[in-house]
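**Q** In numbering that gives the first Met the number 0, the protein residues as written are 0 to 362.
It should be emphasised that the hints constitute simulated quantities derived from the structure, not laboratory data.
Treat the hints with caution; some may be incorrect.
[Stated by the list, open to error] Cut-off 25 Å, straight-line C-alpha distance, at most; resulting in silico cross-link-like pairs (DMTMM-like, lysine to aspartate or glutamate): (1) Lys-142 x Asp-320; (2) Lys-75 x Glu-145; (3) Lys-75 x Glu-240; (4) Lys-141 x Asp-107; (5) Lys-44 x Asp-112; (6) Lys-204 x Glu-182; (7) Lys-184 x Asp-210; (8) Lys-39 x Asp-129; (9) Lys-142 x Glu-222; (10) Lys-330 x Glu-240; (11) Lys-82 x Glu-313; (12) Lys-39 x Glu-313; (13) Lys-142 x Asp-112; (14) Lys-118 x Asp-130; (15) Lys-109 x Glu-145; (16) Lys-75 x Asp-210; (17) Lys-82 x Glu-240; (18) Lys-197 x Glu-222; (19) Lys-141 x Glu-182; (20) Lys-197 x Asp-112; (21) Lys-39 x Asp-320; (22) Lys-204 x Asp-101; (23) Lys-44 x Asp-194; (24) Lys-109 x Glu-182; (25) Lys-75 x Asp-129; (26) Lys-44 x Asp-101; (27) Lys-184 x Asp-135; (28) Lys-44 x Glu-240; (29) Lys-75 x Glu-193; (30) Lys-118 x Glu-240; (31) Lys-39 x Asp-194.
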Amino acid sequence: MNKLVAGNLVHRPLRSLISVFAIAIEVIMILSISAILMGKLNGFKDRQNGIGMDMFVRPNTASNLIGMSPAGASIKVGAVLAKIPHVVVVAPVNIQITGTLDNIYGIDFKSYDGLLPFKFLAGTPFQGPDDVLIDDLAYPGKKVGETVNILNHTFRICGIVAHGKGGRKFVPIETMGSLTGTEGKATMFYLRTEDPPKYQEEVRKAVLATDGMSTYSVATAEEYLSSISPDRLPGFNIGLEVVIGIAVVIGFLVIFQSMYTAVMERTREIGILKSLGASRVYIVGVVLRETGVLAIAGIVVGVASSYVLSGILENRFPTLDFVINVPYVWKAVLIAFFGSMLGALYPAAKAAAKDPIEALSYE
Numbered sequence: 000m001n002k003l004v005a006g007n008l009v010h011r012p013l014r015s016l017i018s019v020f021a022i023a024i025e026v027i028m029i030l031s032i033s034a035i036l037m038g039k040l041n042g043f044k045d046r047q048n049g050i051g052m053d054m055f056v057r058p059n060t061a062s063n064l065i066g067m068s069p070a071g072a073s074i075k076v077g078a079v080l081a082k083i084p085h086v087v088v089v090a091p092v093n094i095q096i097t098g099t100l101d102n103i104y105g106i107d108f109k110s111y112d113g114l115l116p117f118k119f120l121a122g123t124p125f126q127g128p129d130d131v132l133i134d135d136l137a138y139p140g141k142k143v144g145e146t147v148n149i150l151n152h153t154f155r156i157c158g159i160v161a162h163g164k165g166g167r168k169f170v171p172i173e174t175m176g177s178l179t180g181t182e183g184k185a186t187m188f189y190l191r192t193e194d195p196p197k198y199q200e201e202v203r204k205a206v207l208a209t210d211g212m213s214t215y216s217v218a219t220a221e222e223y224l225s226s227i228s229p230d231r232l233p234g235f236n237i238g239l240e241v242v243i244g245i246a247v248v249i250g251f252l253v254i255f256q257s258m259y260t261a262v263m264e265r266t267r268e269i270g271i272l273k274s275l276g277a278s279r280v281y282i283v284g285v286v287l288r289e290t291g292v293l294a295i296a297g298i299v300v301g302v303a304s305s306y307v308l309s310g311i312l313e314n315r316f317p318t319l320d321f322v323i324n325v326p327y328v329w330k331a332v333l334i335a336f337f338g339s340m341l342g343a344l345y346p347a348a349k350a351a352a353k354d355p356i357e358a359l360s361y362e
């Protein structure tokens, strides 16, 4: 049977290659979209962990998605929070999102640096209202003293810091307010508390008991980051499932068409096999084994190509966060393999059902 399967595949090399590449594309689609979406989430979580806060406070109307909420709290709230026992640092931030989905952080440098100090690779903190701090991945090749355009405003790069401090671009919070019409406002307040998590619940109760803050959202870093998951983000799983569904349909149709055509072309061969005593199970086995070889070859090519693509994109676009998730590799493998086998079932059944006499007389 193995020789027969190999002969069938070699007999039509172009069709075999097309089937392999179709399955590979199916795998690449699944792994690529999951790598982009999961990479964004994981990269966001890593950068939030690097801020140094262990709690944050924000108006209850704010969204979990950073930059998607208006700056609705007065910066003066920070002074109130700083008086709460066991609060060591309060850092107000005004975060705005650009048209390219880039989060720009408006910060008070002293308090934000007090959460966890920036690691300067070059330059200094803000020297004026039009200065910007960037991380080492924001503008590859840019140097201190050069200018960049952010929020339709020209900023001078005053310092370059190591990535992983929440955003990639930081401007003075006063400048952010004047550029966006949110003077004196903050999106949220990052807190560093004494001996976390020992006093976190006590701090939470104290904040909510403060006049005018009973409706505020107060959460620990762990609580917040746990809410940034595929199951809790609207549309995330739906988008991923749509892409996977399209990929499965592509693989299914290509395998179906390939194996159906192969069965039609081999009608006489099937008739000869059946006249020699080949059972229906044997005929089905030939078709499915051939499909299995194509599926495995396509999966190997698809997974390997996905990792190559990951390396290329990581080198070309270091801020993309294109990270292949191992659990999704197994999902892609199983989906591609069983989708291909499903696509071959009807052609296999049609081959097995052929009457040997009619098959032998087929021209």
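**Q** All the hints need checking, so say for each whether the structure fits it.
**A** A quick look at each hint next to the structure:
Only pairs whose Cα atoms come within 25 Å are accepted, and Lys-142 paired with Asp-320 is accepted, the gap being roughly 23 Å. In summary, the hint linking Lys-75 to Glu-145 is not supported, as the alpha carbons are separated by about 33 Å, beyond the 25 Å threshold. At most 25 Å may separate the alpha-carbon atoms for a hinted pair to count; Lys-75 and Glu-240 exceed this at roughly 45 Å. A C-alpha spacing of about 24 Å is found between Lys-141 and Asp-107, which places the hinted pair at or below 25 Å, so the restraint holds.
Among the hinted pairs, Lys-44 with Asp-112 is consistent with the structure: their alpha-carbon atoms are about 19 Å apart, no more than 25 Å. Distance restraint check for Lys-204 and Glu-182: the Cα-Cα separation of roughly 29 Å exceeds the 25 Å cut-off, and the hinted pair is therefore not satisfied. The hinted pair formed by Lys-184 and Asp-210 meets the criterion: a straight-line CA distance of about 18 Å does not exceed 25 Å. Between the alpha carbons of Lys-39 and Asp-129 the distance comes to roughly 29 Å, so the proposed pair goes past 25 Å and is violated.
As the CA atoms of Lys-142 and Glu-222 are separated by approximately 37 Å, the hinted pair breaks the 25 Å bound. Restraint check for Lys-330 and Glu-240: the C-alpha separation of about 12 Å stays at or below 25 Å, so the hint holds. For the hint linking Lys-82 to Glu-313, the alpha-carbon distance of about 44 Å lies beyond 25 Å, and the restraint is violated. About 13 Å separates the Cα atoms of Lys-39 and Glu-313, which keeps this hinted pair within 25 Å; it holds.
The straight-line distance between the Cα atoms of Lys-142 and Asp-112 is roughly 21 Å, inside the 25 Å bound, and the hint therefore holds. Proposed proximity of Lys-118 and Asp-130 is supported: the alpha carbons are some 17 Å apart, at most 25 Å. For a cut-off of 25 Å, the pair hint linking Lys-109 to Glu-145 stands: about 23 Å separates their Cα positions. In summary, the hint linking Lys-75 to Asp-210 is supported, as the alpha carbons are separated by about 13 Å, within the 25 Å threshold.
Restraint check for Lys-82 and Glu-240: the C-alpha separation of about 48 Å exceeds 25 Å, so the hint is violated. Between Lys-197 and Glu-222, the direct Cα distance comes to roughly 15 Å. Compliance with the 25 Å bound is thereby established for this hinted pair. Between Lys-141 and Glu-182 the alpha-carbon distance is near 29 Å, which puts this suggested pair outside the 25 Å criterion. Taking the CA atoms of Lys-197 and Asp-112, the gap is about 23 Å. The hint holds against a cut of 25 Å.
Of the pairs offered as hints, the one joining Lys-39 and Asp-320 holds, with about 6 Å between alpha carbons and a cut-off of 25 Å not exceeded. A hinted pair counts as satisfied when its Cα atoms are at most 25 Å apart, and Lys-204 with Asp-101 does not qualify at roughly 34 Å. Only pairs whose Cα atoms come within 25 Å are accepted, and Lys-44 paired with Asp-194 is accepted, the gap being roughly 22 Å. Between Lys-109 and Glu-182 the CA atoms are separated by roughly 19 Å; this keeps the pair inside 25 Å, and the hint holds.
For a cut-off of 25 Å, the pair hint linking Lys-75 to Asp-129 stands: about 23 Å separates their Cα positions. For the hint linking Lys-44 to Asp-101, the alpha-carbon distance of about 15 Å falls within 25 Å, and the restraint holds. For the suggested pair Lys-184 and Asp-135, the alpha carbons sit about 28 Å apart, so the restraint of at most 25 Å is broken. In summary, the hint linking Lys-44 to Glu-240 is supported, as the alpha carbons are separated by about 23 Å, within the 25 Å threshold.
Restraint check: the Cα-Cα separation between Lys-75 and Glu-193 comes to about 22 Å, which is no more than 25 Å; the hinted pair holds. A distance of roughly 40 Å separates the Cα atoms of Lys-118 and Glu-240; the hinted pair therefore is violated under the 25 Å criterion. The hinted pair formed by Lys-39 and Asp-194 fails the criterion: a straight-line CA distance of about 31 Å is larger than 25 Å.
The structure does not agree with the numbered hints 2, 3, 6, 8, 9, 11, 17, 19, 22, 27, 30 and 31 stated previously, though it agrees with the rest.
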